[in-house]
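*Asks:* Take these sequences, add in the hints, and give me the full structure.
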Amino acid sequence: MFGNILIWFVIIPVLMMAGLGVCRNSSMAAIRAVMVIGSTILLALAIWLCVDFLALRGAGVDDEMLFTGSWMWYAPLNIHLAVGVDGISVLMLLLSAVIVFAGTFASWKINPLPKNFFLWFALLSTGVFGFFISIDMFTMFMFYEVALIPMYLLIGVWGTGRKEYSAMKLTLMLMGGSAFLMLGLLGIYWHSAPAGGELTWNILEIARNNAVDPSWQNLLFCFTFVGFGVLGAMFPFHTWSPDGHACAPTAVSMLHAGVLMKLGGYGCFRIAIYLLPAAANELAWIFIILTGISVVYGAFSACVQTDLKYINAYSSVSHCGMVLFALLMLNQTAMTGAILQMLSHGLMTALFFALIGMIYGRTHTRDIREMGGLMQIMPYLGVCYMIAGFASLGLPGLSGFVAEMTIFFGAWEDADMFHRAFVVAATCSIVITAVYILRVVGKLLLGKVHDEHHLQLTDATWFERFSTVTLIVCIAGIGFFPNWINETIQHSFLPIIHALQNAI
Amino acid sequence: MGITLPILILAMPFFMFLLLGLGGVKMSRKVAGVLGILGMGTTMTLAYIVAFTYFFSGDAAFIIDGVRQQFQVFDVTWLAFTERLVVKIGFLLDPISAMMLVVITTISFMVHLYSWGYMESERGFQRYYAFLNLFSFSMLGLVVATNIFQMYIFWELVGVSSFLLIGFFYRLPSAVSASKKAFIVTRFADLGFLLGILTLTFFTDTFNFVDMTSNPMNVLAQTGGATFMGASVLTWAMVLIFTGGMGKSAMLPLHIWLPDAMEGPTPVSALIHAATMVVAGVYLVARMFPVYCVVEASMTFITVVGAITAFYAAVVACTQIDIKRVLAFSTISQIAFMMVSLGVARDGMPGGEHYSGLGYMAGMFHLFTHAMFKALLFLGAGALIHAVHSNDYTKMGGLRKYMPITHWTFLIGCLAIAGIPPFSGFFSKDEMLAAMFNNNWIWGAWMTMVAGLTAFYMFRLYFLIFWWEENPNYKHHRPHDAPWQMSLPLIILAAVSVVAGFIPFGELVTWNGVSYHIHLEAPVAVTSIIVALCAIALAAKMYMRKNTLPEKFRKAMPGLWTAAHHRFYWDELYIFITHKIIFGIICSAIAWFDRHVIDATMDGFAKVTQKVSFAIRGLQGGNVQAYVLWYFFGAVALALITWICLL
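If you're matching them up, the sequences are chains A and B in order. In this text, residue positions in the first sequence follow the numbering used here: the first is 12, and each later residue adds one. In this text, residue positions in the second sequence follow the numbering used here: the first is 61, and each later residue adds one.
These are calculated hints, taken from the structure and not from any lab test. C-beta: ideal position from N, C-alpha, C; glycine also. Keep in mind that the hints are not guaranteed to be accurate.
[Stated by the list, open to error] Listed next, the stretches of chain B that the computed footprint assigns to chain A, with coverage defined by at least 3 CB atoms under 8 Å from CB atoms of chain A: (1) 128 to 141; (2) 638 to 652.
[To be verified] Below are the EDC-like pairs computed for lysine to aspartate or glutamate, each with C-alpha atoms no more than 20 Å apart in a straight line: (3) A:Lys174 <-> B:Asp659; (4) A:Lys459 <-> B:Glu182; (5) A:Lys459 <-> A:Glu381; (6) B:Lys606 <-> B:Asp382; (7) B:Lys667 <-> A:Glu175.
*Replies:* Written as structure tokens, this is what we have:
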């Protein structure tokens, strides 16, 4: 069992928690040491996995999932701890590792109770990594919940503003989604053995048998897609996102917008679309309408917000809406674009939230009306913010452009008027995005210094620079050399595309 | 040709951008300036070598039987959307890209040199050079694009470098809003471009220019006669693609960003907003020219947009006070001239072989000459602003004695743009007008009138700056010519503006690579010279010596003057639409809806749950008597149900 590399993605965070457990709250150095070592190992492991994966694929290993392993966990319900990764999961693991790494440095001076903060933070990471390595629906769901619960405490204790309200709202809404999801997963489980035999939670087996009865698929599709969609900030279930993000501490915002929201998109294609392809073909249009609304609606809402975090939260609604929107186009190119958008949005939003945290830590406000001309005072942070903004509005050479273009070109393949109309609406978001990004950049960074007191503020410290540079390098890396990622993702979508085509 | 030189042409400015951008903080101004100039000088040399090799080496890769070929130096895969739609990054050498390499690197080098003097005392000198290099890189990448998607990539990059340079003085709110405006307006236009690319490539299955333009009828066939809202899909695609060009080239109604873009440093205006980036739209149409040719409606569209814009901008230019704005509107008008010229060009026109694609050649010719003399005029304006510290001609007047170099070079620029022989503008403008007359006399007459207006407003500007009445402030602060870094580019560009008309352009740049001889159309030439001379004479009469004639004119038609001075209220219209409608109504309504309807519903669920819990919590009050009572009733109820069921 321990010979499987994937298991270590869960074990290491658990070990980190154990390590943190023996530290005391006052010994900041020890806590940081545990976190830095742990997150560095995770990052190294993710890179190694990625290289190894690409090497195996290059060598012609053509299985759907690699590094698979399965261990019986609870026999009466046939629940396994089943792991395995394809190209998409590998990239998601890499993304998570990068953001956990950057998040550790971004919360270098967390106060109060650093030990407890990082304990929950590590637990959240455990859930995230566990989710991406699982191919058993039950363990997947379990890790999903493990990732959600720490959110409540992280926001409720370390947050700012109306934190108790927001923490409660976020948790309840996501739990509501989970309830739908549980129903959907149970439904799939009960229909996983149509010809008799043992019921299974294993995604690959269910997909291979094309098991779920078409008459049941529509209902189950709605349950699972809505369940995951809540986490993916799908209209009208997105309202936890602005409040939740606004109140969350920096690293939590980073991890939440950067990785946790991706769980939604990932679940949507891995379970809802892959296991229920007939329903996906039939019902996609409903969700195209909802996600299409998300894309434009989020962007318009972001235009008039004055709180930096609200702006980025609504921006996330728009960008994550684009992820689900692209997945629902049900063709390889658009779906590949969706994954690229997940990666891009993850990195970029993590950068945004990190920078907002750093700016807030200095100015003690997030209201853009109370700031101005910060570029003169903290040029490093200003430039980083602009880069994040450019990535967000889709500047070539940064990741956002690659993702958006892949989505648009993929989505354009459906030639009927319904799809075309929604794609045109979605492309309009690139203009609206430019509007709200430049509005913020203009007010926050450029122009005259708004508050004399801000002149005393200092620019980024070394750990802040480290955190931001890590993210920027990844963003530019995807933007400059997108094709290897693109190919990896495209290849991984083949089984799903086949499933969809067979179901027509 | 090996791939080393072309790669270096692209890599050099990008490398300098990274070097100056990342390491600039630690460099002294001098080091940064010298590095920037040397870097661009090298790029220019390389570009010259490549262009001259292309035009004059006679290599079989470049010219076969007198027909210039399109040669892809390299073309590497960047991103594969599908198996067929693959984005590549490459380097295409053909007449127009080779010409543009020369134009861009020359002007960019001149601007680098000039800025050394002009920007010397500005904060962020290193950053300025870094941005200039980023721009040069993007613009070079744009012109050598082998495919329309590569062009779109670099199109966006020039947009952002333009944004960065317009907003270079980022402490000034006016510069910030001007840069924002430029970016958003062009971004909006790029949305059209993107939709156009999507539509076009959906049918062609390729991004590659050569594949599309070498057989335009095939493109037409691939669309299979599909129509949308009464027009063929190909028309839609080509018009949408042209929308992108309208944004970058500041065609009506997307022109509003260019006058504001003058908030940027003046050398930037010369490089980006006069010579290179703003002609990207013209270049785009030229690049896709054969495909445009098969869609008559799109060509008409281009011609009409160009003709209206040319006239509009020329009228507005007559009433502006800020000298850079006069030049900005002049740029808009001249670019529109090129657009009309492209719009009237066809493969196979009446009047014989000579007229086939004449407008194309003339448009490119004018692009070349205009880049030189307009950069000259802008750099001259920079020298003036440097000397009197104001953009308004009201603060100038009588400067010819104080700034002789600026005066003479500026005059050459004005003569060139007015179309007086033997200056370069005359030759290119004559070819353009000939092409227009050949298509339809209406276009020719209309554009001759615009040419007359051009001569008028340029000489109005010239006389108001250098003649009119001397500003009394000169006694306190004596204006003088600029330092050599600034004067040298002026002199070089002036020299080019004088001689560029004699370049046998027709033998170098034609739409199909077949060279032909330029010959002057005597009637057209004579007419345009007479119109220009009359306009200059009128300008001299009105503005040479201080008099009340201009005031009388203004009083005679106050409505027209005010409207033209306010640029016919386009900005006000846009501000109304964006601020009042989009921000004030749409965005605010959506934000309100989100908080008060969607979120309130979600909160409502929570509140209802809470209310219900409060309402029924009395049932669990811990009161044993109540429990017994409920137990009793429950037991009775169950007994009843059981009884009924068994019945």
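*Asks:* The structure should be examined with respect to each hint, and the outcome stated for every one.
*Replies:* Here's how the hints hold up against the structure:
With 5 residues having a Cβ less than 8 Å from any Cβ of chain A, the region 128 to 141 of chain B passes the three-residue criterion, so the hint holds. Against chain A, the region 638 to 652 of chain B contributes 7 residues with a C-beta closer than 8 Å to a partner C-beta. That satisfies the three-residue criterion, and the hint holds. Under the criterion of a C-alpha separation no larger than 20 Å, the hint pairing Lys174 (chain A) with Asp659 (chain B) is consistent with the structure, at around 16 Å. Between Lys459 (chain A) and Glu182 (chain B) the CA atoms are separated by roughly 17 Å; this keeps the pair inside 20 Å, and the hint holds.
Between Lys459 (chain A) and Glu381 (chain A) the CA atoms are separated by roughly 12 Å; this keeps the pair inside 20 Å, and the hint holds. For the proposed pair Lys606 (chain B) and Asp382 (chain B), the alpha carbon gap of about 19 Å is at most 20 Å, so the pair holds. Distance restraint check for Lys667 (chain B) and Glu175 (chain A): the Cα-Cα separation of roughly 15 Å lies within the 20 Å cut-off, and the hinted pair is therefore satisfied.
Every hint from the earlier list agrees with this structure, and none is contradicted.
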